[in-house]
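**Student:** Here's the letter readout for the chains.
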Amino acid sequence: MKVDGALALEFQKQLGAGKVLTKETEMACYAFDSSFLGQLTEYRPDAVVKPDSAGEVAAVMRLASRHRIPVTPRGAGTAQTGGAVPVRGGIVLDLSSLNRIIEVDTDNLQVLVEPGIVHADLNAHLARFGFFFPPDPGSSRMCTLGGMVSNNSSGMRAVKYGTTRQYVLGLEVVLPGGEIIWTGVKGSKALKTVSGYDLTQLMVGSEGTLGIITKIRLKILPMPEKRGLVLAAFDTLEKSGEAVISVFRNRLFPSAIEILDKTAIRAAMLYKPDIVLPQAEAALLFEVDGSPADVVYQAEKIAGVCGPLAGHVEWTDDPVKFGKLWQARQVVGAAAARVKPGVTRVYDGEDICVPITKVPQALRRIQEIGARHGLTIVTYGHIGDGNLHSAVMANLRDPAEVEHARQATDDIHRLALELGGTTTGEHGVGLTRAKYMEEEHGLALEVMRGIKKAFDPDNILNPGKMALETVAMGETASDKTAQDKTAVERE
Amino acid sequence: MALSGEALAVEIMKCVRCGQCRAVCPVFLESGAETDVARGRIFLVKLLMEGRLDGKDLDGALSRCLGCKSCFQECPSGVKGDQIVLAGRAEMVLRHGLGWMKRGLYRGVLGRPKVFGAMVGLGSLAQRVALARVPRDSGIRLRLPGNRVPRTIPWLPRRPLRPKGTATYSPGGELDQETRSALTQGARMGPGAEGKTAPRRRVLYFTGCLTNYLYPRIGRAVIDVLNRNGVEVIVPADQTCCGLPARGAGDLETADRLMAANLEAMSRYEADAIIVSCATCLTSWKEDYPAAGGTLGERARDMAAKVYDFSQYLTEVLEFQPPEGALAMRVTYHDPCHHFKGMQIKKEPRKLLKAVPGLEFKEMAEAERCCGFAGSFSVWNYDLAVKINDRKIKNAAATGAEAVVTGCPGCVMHLADGLNRNQVPARALHLAEVLEMAYQKEK
Ligand SMILES: Cc1cc2nc3c(=O)[nH]c(=O)nc-3n(C[C@H](O)[C@H](O)[C@H](O)COP(=O)(O)OP(=O)(O)OC[C@H]3O[C@@H](n4cnc5c(N)ncnc54)[C@H](O)[C@@H]3O)c2cc1C
Ligand code: SF4
Ligand code: SF4
Chain F
1 MKVDGALALE FQKQLGAGKV LTKETEMACY AFDSSFLGQL TEYRPDAVVK
51 PDSAGEVAAV MRLASRHRIP VTPRGAGTAQ TGGAVPVRGG IVLDLSSLNR
101 IIEVDTDNLQ VLVEPGIVHA DLNAHLARFG FFFPPDPGSS RMCTLGGMVS
151 NNSSGMRAVK YGTTRQYVLG LEVVLPGGEI IWTGVKGSKA LKTVSGYDLT
201 QLMVGSEGTL GIITKIRLKI LPMPEKRGLV LAAFDTLEKS GEAVISVFRN
251 RLFPSAIEIL DKTAIRAAML YKPDIVLPQA EAALLFEVDG SPADVVYQAE
301 KIAGVCGPLA GHVEWTDDPV KFGKLWQARQ VVGAAAARVK PGVTRVYDGE
351 DICVPITKVP QALRRIQEIG ARHGLTIVTY GHIGDGNLHS AVMANLRDPA
401 EVEHARQATD DIHRLALELG GTTTGEHGVG LTRAKYMEEE HGLALEVMRG
451 IKKAFDPDNI LNPGKMALET VAMGETASDK TAQDKTAVER E
Chain W
492 MALSGEALAV EIMKCVRCGQ CRAVCPVFLE SGAETDVARG RIFLVKLLME
542 GRLDGKDLDG ALSRCLGCKS CFQECPSGVK GDQIVLAGRA EMVLRHGLGW
592 MKRGLYRGVL GRPKVFGAMV GLGSLAQRVA LARVPRDSGI RLRLPGNRVP
642 RTIPWLPRRP LRPKGTATYS PGGELDQETR SALTQGARMG PGAEGKTAPR
692 RRVLYFTGCL TNYLYPRIGR AVIDVLNRNG VEVIVPADQT CCGLPARGAG
742 DLETADRLMA ANLEAMSRYE ADAIIVSCAT CLTSWKEDYP AAGGTLGERA
792 RDMAAKVYDF SQYLTEVLEF QPPEGALAMR VTYHDPCHHF KGMQIKKEPR
842 KLLKAVPGLE FKEMAEAERC CGFAGSFSVW NYDLAVKIND RKIKNAAATG
892 AEAVVTGCPG CVMHLADGLN RNQVPARALH LAEVLEMAYQ KEK
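Chains F and W, in that order, are what the protein sequence lines are.
For the first sequence, the tail end lands on 491 under this note's numbering, and the numbers increase by one without skipping.
For the second sequence, the tail end lands on 934 under this note's numbering, and the numbers increase by one without skipping.
Treat each hint with caution, since some may be false.
To be verified - Derived contacts from chain W toward chain F, CB cut-off under 10 Å, selection only:
hint: 1; residue: K505
hint: 2; residue: R508
hint: 3; residue: A514
hint: 4; residue: G523
hint: 5; residue: A524
hint: 6; residue: D527
hint: 7; residue: R530
hint: 8; residue: R586
hint: 9; residue: L809
Just so you know, these hints were derived from the structure itself, not from any lab.
From the three backbone atoms N, C-alpha and C, an ideal C-beta is built for every residue, glycine too.
The whole structure should be built from the sequences, with the hints applied where relevant.
**Tutor:** This is the structure in structure tokens:
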């Protein structure tokens with residue numbers, strides 16, 4: 001059902017007028033996230049509601065479920081999947097002002113926060129105590145913890161520190177009918193529990209389809225004393241893959257291993273000419289952390305292991321030089337969009353994850369895909385866990401090029417499946433990758449659909465995502481998504 | 492020229508909607524609404540240009556942009572969010588006339604020096620009658636129409652800085668009282684004056700509206716400091732508003748008319764440089780004028796190379812003679828958006844402050860964060876401007892400074908208002924004023 005004037009008034013009565021937005025301009029600004037799909041199609045909500053407390057979220061859900069209005073939770077809208085986009089209209093629940101840090105308990109290695117807190121703000125606060133929340137997405141300065149939990153986000157340091165999942169101890173969740181529950185044992189501060197089904201882990205990565213997260217109990221860690229970096233350049237992609245494997249074989253455990261292929265090396269240097277990288281087919285950056293002595297030991301050893309394979313190796317534990325080298329990796333995302341005037345980066349096919357041993361092959365095949373469609377693709381990523389970020393560049397004002405971009409990103413997704421990987425390593429499914437769900441999960445998708453039904457029998461929470469809707473015989477989930485799209489385009 | 496046509500469409504397309512501007516847009520950080528951040532505003536301009544939105548509701552989203560360029564500085568894709576907003580405003584003026592943003596202010600007042608002068612004169616009179624007992628130093632509290640919160644604006648001076656004709660001020664050591672009052676009244680007119688030492692250089696001073704009408708004291712300080720550094724200062728007649736407020740409101744016609752007048756006024760004299768002491772005017776001269784098309788644009792590009800911010804000129808071109816007088820005072824510095832984010836001016840003012848004997852400089856947190864003034868923004872969105880400003884004031888107050896120094900009269904005004912509202916016992920001063928105070932301490 002749609003939110004009409006009368007219903008909007010009722011929401012305003014419950015929450016106060018300032019927290020319910022309905023103007024045309026406002027709806028337009030909540031019609032997208034950073035996904036390619038969102039660039040192509042507008043999915044406007046009927047209303048945006050900005051609650052201030054779990055109680056207000058519960059009130060919204062009670063009203064929404066009574067009137068069967070779709071509700072799409074949203075953090076900062078930085079995801080690249082259309083996850084926070086209201087495909088079926090209804091309400092967008094903007095949780096970004098629910099952003100308090102409720103308690104920091106370093107002795108028990110945990111914090112209690114609200115979901116709207118921005119990742120960088122949380123870590124800046126924790127740094128004062130010498131602690132940190134390890135997952136480190138590139139979107140740190142804008143993404144919210146609620147979005148990170150819902151997408152199970154991670155970053156470069158996932159090699160050693162894992163993903164958001166490892167740090168979520170418990171959640172306060174508002175169910176679609178407005179009931180409030182705690183997962184991970186209510187009121188507990190224990191760091192482990194095996195009591196009951198693990199609903200906490202079920203919620204992590206559920207992309208706003210099962211409940212609204214209103215509080216997060218997170219594990220935190222003491223900050224490492226020091227960090228060091230090894231840079232190695234290789235004249236073939238294969239050698240860079242071998243180097244990563246030898247490092248692990250030599251019982252070394254870097255916190256991050258990043259790869260830039262030659263397109264990414266070129267992009268970084270074009271964008272920031274003061275970044276000097278060796279001309280090579282691939283460059284690897286290994287980050288090590290720990291005690292000062294440990295950092296030196298590991299860095300020297302990694303440099304030694306890479307030596308015979310690489311054309312160029314250097315390492316540093318000097319913070320200034322460290323920053324300069326890391327900069328090369330940090331700017332590639334931005335640099336990609338600047339390599340060619342008149343095009344922009346599209347976020348699709350941007351997150352495949354393949355076995356480490358298949359990374360060199362994947363990188364080469366992605367370049368072939370680009371050549372086939374006449375598009376520039378810059379690839380970089382977390383080779384330490386096989387997660388590659390491809391930046392496909394296209395002129396969105398040219399329909400033919402848009403079509404090529406669609407095909408190229410589909411080819412990249414298919415490549416991941418062919419190589420024994422997955423379409424998404426950390427960004428999520430949302431709308432963008434719903435069409436691969438059947439292929440990736442088979443019968444397991446039916447189990448997921450059953451879980452969805454148990455939580456949300458009326459399908460009001462973030463409907464249309466992750467291919468969770470049970471579809472009529474003969475119709476596939478991707479048909480359904482396609483229907484959604486044409487419906488909106490027609491409107 | 493403002494962005495338009497193909498260039499505008501490409502600039503809009505460059506926004507990948509990553510949301511990184513959410514981390515820095517001062518308006519968004521207060522309101523938390525997607526309509527108040529670059530990525531939202533950019534999308535709305537896209538809809539407007541594609542004819543998919545008629546703009547009934549649009550004024551709010553576009554008028555609430557400070558033009559502070561924080562988004563541009565932060566944006567990984569290098570999208571000029573502020574320029575896209577300007578293009579949107581211009582489109583709105585084309586379609587809906589000037590009414591959507593307060594027509595009167597730009598066409599009626601800022602665009603016509605005489606009207607502005609008259610209004611200031613009247614206001615000054617009214618203040619004197621109504622607020623006779625308010626001490627001069629504290630500024631006055633005035634309710635502007637439509638604003639619920641009292642707003643401190645400076646004590647309106649009896650006369651603007653600029654006299655009727657062109658005035659020339661030559662270096663002649665310390666200014667005595669007589670010269671000082673002559674300065675304000677423009678008595679020493681005509682090129683070349685009876686300076687005690689031959690001037691090393693000659694510059695033209697582009698004063699800008701705020702300095703001319705509201706803060707002549709800043710203008711006098713600028714002239715004095717330049718004189719003391721051996722520079723002859725000419726204040727050409729017929730210069731007018733730089734045009735940025737009009738450009739900001741989308742009134743390109745007025746903005747271009749003002750630009751032409753200024754280019755004309757400033758090219759009548761031979762000089763080494765054109766000095767500007769207002770961050771907003773500097774943006775006009777350095778970015779907007781040179782972007783114009785045709786012969787006007789060519790002339791503007793030639794002249795722009797000679798335009799310097801006051802602090803830049805002292806540190807980069809002159810061999811700055813630091814004052815010998817000691818000024819025992821703790822100060823902090825606020826970077827005007829148009830300086831730091833637009834022109835990368837950051838070291839220069841600090842270098843000058845640190846050269847003042849006795850002065851203790853203490854950096855504040857987030858020195859480059861917008862003060863919330865942004866010209867007309869703070870007039871029409873006063874409540875929001877106050878919130879943005881409160882954060883600035885808190886950071887400034889935490890340094891324990893007795894003066895918050897900055898390089899733009901607009902920021903001086905908004906900082907003074909904030910210090911007053913938050914009852915922080917510190918003054919807001921232009922850099923030139925601090926230097927002048929130190930010179931005056933010289934024996
Ligand atoms: C430039 C850039 C770099 C990025 N780098 C990385 C990276 O390195 N690693 C990585 O993993 N991701 C990365 N991302 C993707 C994205 O930033 C993350 O997925 C992030 O965690 C999303 O947070 P958000 O607050 O923007 O969530 P949104 O986009 O607003 O929402 C994401 C999903 O979570 C749901 N949701 C949000 N809040 C709640 C809640 N409180 N309760 C229930 N459901 C909720 C939404 O419905 C949606 O399905 C990047 C994105 C960009 C634009
Ligand atoms: S303006 Fe820049 S920072 Fe903001 S969303 Fe667009 S691309 Fe990202
Ligand atoms: S110019 Fe300033 S106020 Fe305007 S959108 Fe950019 S950051 Fe926000």
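**Student:** Could you run down the list of hints and mark each one as holding or not?
**Tutor:** Here is how each hint holds up against the structure:
| no. | hint | verdict |
| --- | --- | --- |
| 1 | K505 | holds, 5 Å |
| 2 | R508 | holds, 5 Å |
| 3 | A514 | holds, 4 Å |
| 4 | G523 | holds, 5 Å |
| 5 | A524 | holds, 7 Å |
| 6 | D527 | holds, 9 Å |
| 7 | R530 | holds, 8 Å |
| 8 | R586 | violated, 15 Å |
| 9 | L809 | violated, 30 Å |
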